[in-house]
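K.L.:
Sequence:
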Amino acid sequence: MTDLSRRDFLKLASRAVLAAAGLLGLGGLFRFLDIQTDPSPQTDFDLGLPAKYPLGSRTILPDVPALLVHSQSGFSALSLVCTHLGCTVENRADGFACPCHGSRFDLLGNVTRGPAGKHLNPLRTGITSDGNLHLYTN
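Each residue of the sequence shown is one higher than the last, beginning at 134 in my numbering.
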């Protein structure tokens, strides 16, 4: 076996370190590109038969989160996601309150106190051909 000079040893060692760093970098890049994205959130909620919601009812749907209102004019829904930073608002006797930053909304979802600058978003409802009530969040 031949004797390695100091210069040859340093060249070999530096090339080995650079190759190892390159392989580690490529491994990290492949892990980054292979990341699984979260599935898109559900936008269509089947609420069952409309008879479950009597006239004049205000039903909180925690899975959505939304408020379903059955009035003389039919069904309507209101998102319970605060328009300030996306927290879920809490139901109060006089409306809704955001636990994160203190925004307040009246029973119709209008802002009564900031920092939220926009009212709670209305959501679309509809009765499908199978007779079930659906809530759409998109």
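In short, the hints are calculated from the structure, not lab data.
Source: prediction; values computed, not measured.
The reader is advised that the hints may include incorrect statements.
Using 25 Å as the maximum straight-line C-alpha spacing, the simulated SDA-like pairs for lysine to any residue come out as follows [stated by the list, open to error]:
#1 K185 - P248
#2 K185 - G207
#3 K251 - D196
#4 K185 - T170
K.L.:
Next pair to validate is K251 with D196; report whether the Cα-Cα distance is within 25 Å.
P.N.:
The hint holds at about 23 Å.
K.L.:
Check whether the Cα positions of K185 and G207 lie no farther apart than 25 Å.
P.N.:
holds (14 Å)
K.L.:
Check whether the Cα positions of K185 and P248 lie no farther apart than 25 Å.
P.N.:
This hinted pair is violated, its Cα atoms lying about 36 Å apart.
K.L.:
Would the hint linking K185 and T170 be met if the CA-CA limit is 25 Å?
P.N.:
violated (36 Å)
Violated hints for the displayed structure, listed by number in ascending order: 1, 4.
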